[in-house]
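Q: The residues making up each chain are set out below.
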Amino acid sequence: ETGVTQSPTHLIKTRGQQVTLRCSSQSGHNTVSWYQQALGQGPQFIFQYYREEENGRGNFPPRFSGLQFPNYSSELNVNALELDDSALYLCASSPGQASFYGYTFGSGTRLTVV
Amino acid sequence: KQEVTQIPAALSVPEGENLVLNCSFTDSAIYNLQWFRQDPGKGLTSLLLIQSSQREQTSGRLNASLDKSSGRSTLYIAASQPGDSATYLCAVSLNSNSGYALNFGKGTSLLVTP
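Keeping their order, the protein sequence lines are chains A and B. When we follow our numbering, the leftmost residue of the first sequence carries the number 2, and every step to the right adds one. When we follow our numbering, the leftmost residue of the second sequence carries the number 14, and every step to the right adds one.
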């Protein structure tokens, strides 16, 4: 059973650019969530996808958007990058939209905006 | 809005000591609570998941308790080892406009010295 895999592991972008981060959910999981973790802080919820539909969103602006594909993998897109977007981006998957079985996290993508 | 607080923020203990990490949350209508471990610059590893109807969960040297009415959870680590050094994060899930998103504390940074 493979876990949650994220790519790339590290990324450096320039302010104003756009970035796409990718996540493959754990086998059998149909729900994917994305979190942003700034240095020294706990992760903050960005949004969640269940069966290709967004079914929850945190307090992030519309330039943060996402997709979930039929195989339940997911992308996080961030437009017009700002310096404060520098963070560790974590993807988590679960076997249903409710969290009864808890969440499995990937190793994250470290994004640096310069 | 659910607020999650973890005390202490940092802890240093000699190897072999038993220790307790604390987590408190403001909204007792949680769905479940999950404890994670995070090594520097890495993703999250799930340690224990406690459903709202449960009082505690155990895994090896770890024991987590939940008192929903008082909004508290503790993570007990027995016979600590240098390999336990990491940041420990508490996260609660509740059904809200954000789906079943996890609300995280800022974590407790643990150092176990040989």
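Incorrect hints may have been included.
[Stated by the list, open to error] Calculated lysine to any residue pairs in the SDA-like style (CA-CA distance at most 20 Å, straight line):
1. B:K55 x A:P9
2. B:K119 x B:E28
3. B:K119 x A:R111
4. B:K119 x A:S108
5. B:K14 x B:S41
6. B:K119 x B:S78
7. B:K55 x B:S122
8. B:K55 x A:R64
9. B:K55 x A:S87
10. B:K119 x A:P9
No lab work stands behind these hints: they were computed from the structure. Predicted model only: the values in this text are computed from it and were never measured.
Q: Tell me, which hint numbers fail for this structure?
A: 2, 8 and 10
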